[in-house]
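**Student:** Sequence:
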Amino acid sequence: MEVSNNFWRRLIFSLLLITLSLFTSWKIFQYMRTWRKQPKRNLYAPTKILAQVIPAKPENYTHYISAYAVVQNLQTTIVEAELNGQVNYISPHLKVGSTVSKGEVLLTLRPTEWKLAKQKIETQLLSLQQHLQQLQLEQKILLQEISLAQQEQHLIYEELQRLEKLNQKGQISQSELSLQKQRYLASRRALTALQRQKIQKETAISKTKSDLALEKIQLQEAILNLQKTKIQAPFSGIIQTKNISLGAQIRPGLPLFTISNPKNTEVAISLPASYYHQIKLGAKVYVKIEQNFLYKGKISRISPNIQSKNQTFLAYFEPKNNPWPEGHFLEVKVEAKTYPNVIVLPRLSLLENSVFIAHPKNKNPHFAVVEKRTLPNLIYLQDVVLIPKGIQNNELIIITNLEDISPNSHIQITKWKNPKQLYSFLHSTVFQ
3 MEVSNNFWRR LIFSLLLITL SLFTSWKIFQ YMRTWRKQPK RNLYAPTKIL AQVIPAKPEN
63 YTHYISAYAV VQNLQTTIVE AELNGQVNYI SPHLKVGSTV SKGEVLLTLR PTEWKLAKQK
123 IETQLLSLQQ HLQQLQLEQK ILLQEISLAQ QEQHLIYEEL QRLEKLNQKG QISQSELSLQ
183 KQRYLASRRA LTALQRQKIQ KETAISKTKS DLALEKIQLQ EAILNLQKTK IQAPFSGIIQ
243 TKNISLGAQI RPGLPLFTIS NPKNTEVAIS LPASYYHQIK LGAKVYVKIE QNFLYKGKIS
303 RISPNIQSKN QTFLAYFEPK NNPWPEGHFL EVKVEAKTYP NVIVLPRLSL LENSVFIAHP
363 KNKNPHFAVV EKRTLPNLIY LQDVVLIPKG IQNNELIIIT NLEDISPNSH IQITKWKNPK
423 QLYSFLHSTV FQ
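In terms of my numbering, the sequence shown opens at residue 3 and continues consecutively.
Keep in mind the hints are simulated off the structure, nothing from the lab.
Note that this is a predicted model, so its numbers are computed, not measured.
Heads up, a few of these hints could be off.
Claimed, not checked - Once the Cα atoms are required to be at most 30 Å apart in a straight line, the calculated BS3-like pairs of lysine-lysine come out as:
| id | residue 1 | residue 2 |
| --- | --- | --- |
| 1 | 183 | 171 |
| 2 | 230 | 265 |
| 3 | 59 | 286 |
| 4 | 322 | 339 |
| 5 | 122 | 218 |
| 6 | 282 | 59 |
| 7 | 391 | 286 |
| 8 | 203 | 122 |
To be verified - For each label pair, taking beta carbons as the anchor points, the in silico distance ranges come out as:
| id | residue 1 | residue 2 | range |
| --- | --- | --- | --- |
| 9 | 51 | 328 | 54 to 60 Å |
| 10 | 348 | 311 | 28 to 34 Å |
| 11 | 237 | 202 | 53 to 59 Å |
| 12 | 257 | 64 | 43 to 49 Å |
| 13 | 249 | 327 | 30 to 36 Å |
| 14 | 59 | 406 | 21 to 27 Å |
| 15 | 327 | 305 | 18 to 24 Å |
| 16 | 153 | 214 | 42 to 48 Å |
| 17 | 64 | 94 | 50 to 56 Å |
| 18 | 341 | 376 | 16 to 22 Å |
Just so it is clear, CB atoms sit at the ideal spot from N, CA and C, and this is done for glycine as well.
From just these sequences and the hints, can you work out the full model?
**Tutor:** In structure tokens form, the structure reads like this:
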């Protein structure tokens, strides 16, 4: 019994010594740690969030509308028959796809009928010319007769006045005076008749001249009709359709062939109706060629009609030295409205109507505190948003990793090397 008690005493004493030894060792360790200099805490330890920023730079931004366009022939003509007749010649060039030159005779009509009509008019014209010459000769003789009759009448009248004076003095008889009066009246009647003939002759001459002028017009028409039997290419171009064969009888208005000029084209651009009042005559048009948009012309006309089905309208420009065939589709940019003094951002850099602003820390500009800022009066365009106010010049706008940051969070930032790449070809300075 005594042995057992001694055992337990020694065991408890040993445990107490072990515990005291461990406690003393821990205290000594804690004391010795105070002798070491504590390292300074790095307040800017690298964060897992890295965002790119761009400085706010207000500018005058010209909006270019993305659209598709199609090349159309501006000069396409359906050549129609102008006369009745039979086709007696067709040029070997008059076939679909052939190139023809301006003025080239492509087909002819049998000219017999029109030659006879021309000859008939020429005969009538010659007859009228001869008749007019005869009338003018007769008029000349008649004017001479009138002049002589006027002189004769004047002499008879002077003799009548002399005889009246003698009769008053009783030197001649009344019968002699009466005879002279009869002579005077006869001369007046003769002169009146000649003057009446003069009027009739003038009327005949006037009518003949009118008939002659009409015949000359008819002769010109006959000559023109004879020329129309030779149907020529109205301009240099390509034959699109052919609707005639050798020996065919044709009538006025019948389509013969279609010709188009591939060098004279216009481009029809389909634009949303919402931009109707922003597109002006003279607006610049850029066409995508490979990877660049190159300047190719200006808007020359705008359709006044808006298509109700798809709410679009058409604007046109005429490219110089057109390399595209009819029906070719193009991707274009059309100059629209210019917005003064705005900040331009890609639409993906906004969450709803807010942007994230990075405020760099003083001691380390590569780290920043995030501010979420809601902006008023934003202007949303196709791929960009314009900010007229609410951001100061050179404030840093966060454009990446927006879903990973929150207001007042600490992030690491780096500046976007080329901000204009954000806008790609939508930015005006990218055009050439």
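**Student:** Find the hints from earlier in the document that the structure breaks and name them by number, from lowest to highest.
**Tutor:** Those not satisfied come down to hint 16.
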